[in-house]
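Using the sequences plus the hints, can you model the full thing?
Chain order of the listed sequences is C and B. With the working numbering, letter number 167 in the first sequence gets 230, and the count goes up by one each step, no holes. With the working numbering, letter number 166 in the second sequence gets 190, and the count goes up by one each step, no holes.
Hints were generated in silico from the structure; no laboratory data involved. Cβ coordinates follow ideal geometry from the N, Cα and C atoms, glycine included. One or more hints might be untrue.
As the list claims (entries may be wrong) - With beta-carbon atoms standing in for the labels, derived distance ranges:
{"id": "1", "chain 1": "B", "residue 1": "P90", "chain 2": "C", "residue 2": "L176", "range": "28 to 38 Å"}
{"id": "2", "chain 1": "B", "residue 1": "G189", "chain 2": "C", "residue 2": "L242", "range": "53 to 63 Å"}
{"id": "3", "chain 1": "B", "residue 1": "G163", "chain 2": "C", "residue 2": "A229", "range": "53 to 63 Å"}
{"id": "4", "chain 1": "B", "residue 1": "N260", "chain 2": "C", "residue 2": "L90", "range": "47 to 57 Å"}
{"id": "5", "chain 1": "C", "residue 1": "L366", "chain 2": "B", "residue 2": "G170", "range": "41 to 51 Å"}
{"id": "6", "chain 1": "C", "residue 1": "G187", "chain 2": "B", "residue 2": "M136", "range": "27 to 37 Å"}
{"id": "7", "chain 1": "B", "residue 1": "L204", "chain 2": "C", "residue 2": "T302", "range": "56 to 66 Å"}
{"id": "8", "chain 1": "B", "residue 1": "L91", "chain 2": "C", "residue 2": "T302", "range": "43 to 53 Å"}
{"id": "9", "chain 1": "B", "residue 1": "Y149", "chain 2": "C", "residue 2": "P209", "range": "52 to 62 Å"}
{"id": "10", "chain 1": "C", "residue 1": "F234", "chain 2": "B", "residue 2": "L91", "range": "26 to 36 Å"}
{"id": "11", "chain 1": "B", "residue 1": "G163", "chain 2": "C", "residue 2": "R270", "range": "25 to 35 Å"}
{"id": "12", "chain 1": "C", "residue 1": "L242", "chain 2": "B", "residue 2": "N260", "range": "39 to 49 Å"}
Stated by the list, open to error - Among the chain C residues that face chain B by a calculated CB cut under 8 Å, a handful are:
{"id": "13", "residue": "V181"}
{"id": "14", "residue": "Y189"}
{"id": "15", "residue": "I192"}
{"id": "16", "residue": "T203"}
{"id": "17", "residue": "L208"}
{"id": "18", "residue": "S211"}
{"id": "19", "residue": "I324"}
{"id": "20", "residue": "N354"}
{"id": "21", "residue": "Y360"}
To be verified - From the derived model, a few chain C residues whose C-beta atoms are all more than 12 Å from chain B:
{"id": "22", "residue": "L185"}
{"id": "23", "residue": "T268"}
{"id": "24", "residue": "L282"}
{"id": "25", "residue": "F325"}
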Amino acid sequence: MSRVIEATRTVSRRPDFTGRAFVPLALFFLLALAFPFLPLGARAEYLLQIAFFTVVAGVLALSWDILARSGQVSLAHAAFYGLGAYGFALLSKAVPWFLAMPLAALIAGLVSLILGAVTMRLSGMYFAIATLAFTEVVRTVIQNLPESVAGGANGLLVPALLGGNARAQYFLALAVLLLTALVSLAVRFTRLHHAFAAIRQGEETARVLGVSIVRYKLLAFFISSFLAALGGVLFAGKTFFINPLETFSLANSIAPLTTSIFGGLYTTLGPILGATVLRVAEEILHNYIKNGYLVVYGLVLMLSILWLPRGLMGLFRKGKRGGEL
Amino acid sequence: MDLFFQTLLNGLLQSGIYALVASGLALAVGVVGIVNFAHGEFLMIGAFLAWGLSTYLGVDPLLSLPLAAASVFAVGALTYRVSIRHVLLAPELNQMLLTFGLGILLQNLALMLLGGNTRTVTTTYQGSSISLGELSVGGPKLIAFGFAVAILAGLYAVLYRTTLGRQMRAVAQNRRGSQLIGINVDRVYLIAFGVSCGLAAVAGVLVAVLLFASPTVGLVFALKAFAIIVMAGLGNLTGVLWASVVLGVSEALVQTYVPGGGGWSDAVFFLLIFATLVFRSFRGAR
Numbered sequence: 064m065s066r067v068i069e070a071t072r073t074v075s076r077r078p079d080f081t082g083r084a085f086v087p088l089a090l091f092f093l094l095a096l097a098f099p100f101l102p103l104g105a106r107a108e109y110l111l112q113i114a115f116f117t118v119v120a121g122v123l124a125l126s127w128d129i130l131a132r133s134g135q136v137s138l139a140h141a142a143f144y145g146l147g148a149y150g151f152a153l154l155s156k157a158v159p160w161f162l163a164m165p166l167a168a169l170i171a172g173l174v175s176l177i178l179g180a181v182t183m184r185l186s187g188m189y190f191a192i193a194t195l196a197f198t199e200v201v202r203t204v205i206q207n208l209p210e211s212v213a214g215g216a217n218g219l220l221v222p223a224l225l226g227g228n229a230r231a232q233y234f235l236a237l238a239v240l241l242l243t244a245l246v247s248l249a250v251r252f253t254r255l256h257h258a259f260a261a262i263r264q265g266e267e268t269a270r271v272l273g274v275s276i277v278r279y280k281l282l283a284f285f286i287s288s289f290l291a292a293l294g295g296v297l298f299a300g301k302t303f304f305i306n307p308l309e310t311f312s313l314a315n316s317i318a319p320l321t322t323s324i325f326g327g328l329y330t331t332l333g334p335i336l337g338a339t340v341l342r343v344a345e346e347i348l349h350n351y352i353k354n355g356y357l358v359v360y361g362l363v364l365m366l367s368i369l370w371l372p373r374g375l376m377g378l379f380r381k382g383k384r385g386g387e388l
Numbered sequence: 025m026d027l028f029f030q031t032l033l034n035g036l037l038q039s040g041i042y043a044l045v046a047s048g049l050a051l052a053v054g055v056v057g058i059v060n061f062a063h064g065e066f067l068m069i070g071a072f073l074a075w076g077l078s079t080y081l082g083v084d085p086l087l088s089l090p091l092a093a094a095s096v097f098a099v100g101a102l103t104y105r106v107s108i109r110h111v112l113l114a115p116e117l118n119q120m121l122l123t124f125g126l127g128i129l130l131q132n133l134a135l136m137l138l139g140g141n142t143r144t145v146t147t148t149y150q151g152s153s154i155s156l157g158e159l160s161v162g163g164p165k166l167i168a169f170g171f172a173v174a175i176l177a178g179l180y181a182v183l184y185r186t187t188l189g190r191q192m193r194a195v196a197q198n199r200r201g202s203q204l205i206g207i208n209v210d211r212v213y214l215i216a217f218g219v220s221c222g223l224a225a226v227a228g229v230l231v232a233v234l235l236f237a238s239p240t241v242g243l244v245f246a247l248k249a250f251a252i253i254v255m256a257g258l259g260n261l262t263g264v265l266w267a268s269v270v271l272g273v274s275e276a277l278v279q280t281y282v283p284g285g286g287g288w289s290d291a292v293f294f295l296l297i298f299a300t301l302v303f304r305s306f307r308g309a310r
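Listed below in structure tokens is the structure:
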């Protein structure tokens, strides 16, 4: 019996594991690493800032995608992003930043286990609404805590990450993105991939096949919100200032979702690529149209869903089955 | 004790608008099977229509109700025809993203054309109030509630007394079965989605009278509508009514009795939904 399982594992693994698949991803990271050293001209600082927020958007999208692979389409990403930001703001009063960062992420991860346990048996639309409600609850709680604790509706000042050095902050963000990508690859090329996919495609069947639903769903939640919270830390440490309305806004839950779908679901490169294209497009639009520049953004999303349902990754993989990276 | 009854009354009046928005959304989700995240934006269109007609043409907002309903019905039907119809068989995620895109599009279109300011509508009855013994009710609130009840009564009369209504309910229960017995499902979808948007617009007109019109006014109402239809159960068109009342009243209770209640009412509101959902899931109803 175990030999059969072993055999199927090797069979299902081999076609995925080609070195070539890593090339575009490695290329992306090389480019991103070289970006601050390019001759950017007078607007270097502005461009570096866009790059920073693009990378953070990539972290959020990819971490959302990891959760989505286990069939949990969450609207609670803003909650964990925000918990990361707030956790960092409060913890960095007591401990140095390199401790505050993982600790904040750990707290968000542990909170996500609670949410995951409660929403375990919900699916589809019910799950989405429950996670949305959870975000609102977290926001309201933080907003209504005494102002001396979490700043209330006015928000909190956050110490700048790395003394406000833009280049260093960018590399830190890139490191977090690399970590997220590595985790994503780890999920993709281990048994986790099969467990998540089985749960996504049919929970009953997965259970019959012996997949421990509870364990894998919670694991997906923990990984995803841990990484999302790191994104929140980056955001808080870059902007020096956070407030509940903005940090926990619905937009922060929707952006990773749209980015992943636009880029290509259940892939590692897709969400990163989607974040890059969408953030840059957004910035360009913002320069041309001041008010309501997101019009075109909405239109692009609608058109891509109608004509590009598999996202950007679908463009490169016409007819090829599976084997996404 | 008066305070208690005043609170109950306020909650009940508030739930009229909730029920309007939520019953529209319930039609989209239950009949068409589309989770319409742009629902609040159709409400926003209604609010701006009321504001525009009243500011530039001097039309009383309440007289613009039929016009708003009809024109947004047309917008909704068109939306269905050119976009929603093509993703009916796509994964749920794609449908959600499509309506997100639509919402972003409409919201920012309004932002681009009208700016982000809130616009208020002035009416002659704005400051009026009616007192019943110790209780007092704002005139606009009462009027809005009256209209909401009348429109909902009309909607449910159509749903339960006409052939079209029966077809809609049949499709909500079982779309393949409906198709098999010869119901033109595509037509039912078109009408249901149009009516759904029309209802949101009507609610928007009332919101413009009670609060204001702004590009983002729809979001809060859409979120609460989601909560309500989830509480009622997806596809349950009648449960929406009592769920709206429960939510409106409990919100009012929290606002009155919890210290600093204004800020907490949203959380309790969503906590209630959260609890309902979890309770439902552990009872086995999914």
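Hint check:
1. P90 (chain B) and L176 (chain C) have their C-beta atoms about 52 Å apart, which leaves the hinted 28 to 38 Å range violated.
2. Checking the proposed 53 to 63 Å range against G189 (chain B) and L242 (chain C) shows it holds: the Cβ atoms sit about 55 Å from each other.
3. A C-beta distance of roughly 57 Å is found between G163 (chain B) and A229 (chain C), which places it inside the suggested range of 53 to 63 Å.
4. For the pair N260 (chain B) and L90 (chain C), the supplied restraint of 47 to 57 Å holds, since their beta-carbon distance comes to about 51 Å.
5. Distance hint for L366 (chain C) and G170 (chain B): a CB-CB separation of about 43 Å, consistent with the stated range 41 to 51 Å.
6. In this structure the hint that G187 (chain C) and M136 (chain B) lie 27 to 37 Å apart at CB holds, the actual value being about 34 Å.
7. For the pair L204 (chain B) and T302 (chain C), the supplied restraint of 56 to 66 Å holds, since their beta-carbon distance comes to about 57 Å.
8. Separation of L91 (chain B) from T302 (chain C) is about 45 Å and conforms to the stated range, judged on CB atoms against 43 to 53 Å.
9. As the Cβ distance of Y149 (chain B) to P209 (chain C) is approximately 41 Å, the hint placing it in 52 to 62 Å is violated.
10. Checking the proposed 26 to 36 Å range against F234 (chain C) and L91 (chain B) shows it is violated: the Cβ atoms sit about 58 Å from each other.
11. Look at G163 (chain B) against R270 (chain C): about 58 Å separates their beta carbons, and that is not inside 25 to 35 Å.
12. A hinted range of 39 to 49 Å holds for the C-beta pair L242 (chain C) and N260 (chain B), which are about 44 Å apart.
13. Interface restraint check: V181 (chain C) against chain B, minimum CB-CB distance 5 Å, threshold 8 Å, status holds.
14. Annotation: Y189 (chain C) was flagged as interfacial toward chain B, and the flag holds, the nearest CB pair being 6 Å apart, inside 8 Å.
15. Annotation: I192 (chain C) was flagged as interfacial toward chain B, and the flag holds, the nearest CB pair being 5 Å apart, inside 8 Å.
16. For T203 (chain C), the interface hint holds, since its Cβ comes within 8 Å of a Cβ in chain B; the closest pair sits about 3 Å apart.
17. The interface hint given for L208 (chain C) is broken, as the beta carbon of that residue sits about 10 Å from the closest beta carbon of chain B, more than 8 Å.
18. At about 15 Å, the closest approach between the beta carbon of S211 (chain C) and any beta carbon in chain B exceeds 8 Å, and the interface hint on this residue is violated.
19. At a threshold of 8 Å, the smallest CB-CB gap from I324 (chain C) to chain B is about 5 Å, leaving the interface hint in force.
20. A cut of 8 Å between beta carbons decides the hint on N354 (chain C): the least distance to chain B is about 5 Å, and the hint holds.
21. At a threshold of 8 Å, the smallest CB-CB gap from Y360 (chain C) to chain B is about 6 Å, leaving the interface hint in force.
22. With a least beta-carbon separation of about 5 Å from chain B, L185 (chain C) fails to lie farther than 12 Å from that chain, contradicting its non-interface assignment.
23. Its beta-carbon lying about 16 Å from the closest one in chain B, T268 (chain C) satisfies the requirement of being farther than 12 Å from that chain.
24. Annotated as non-interface, L282 (chain C) keeps its C-beta farther than 12 Å from every C-beta of chain B; the closest such distance is 20 Å.
25. Once the 12 Å rule is applied to beta carbons, F325 (chain C) is inconsistent with being away from chain B; the minimum gap is 8 Å.
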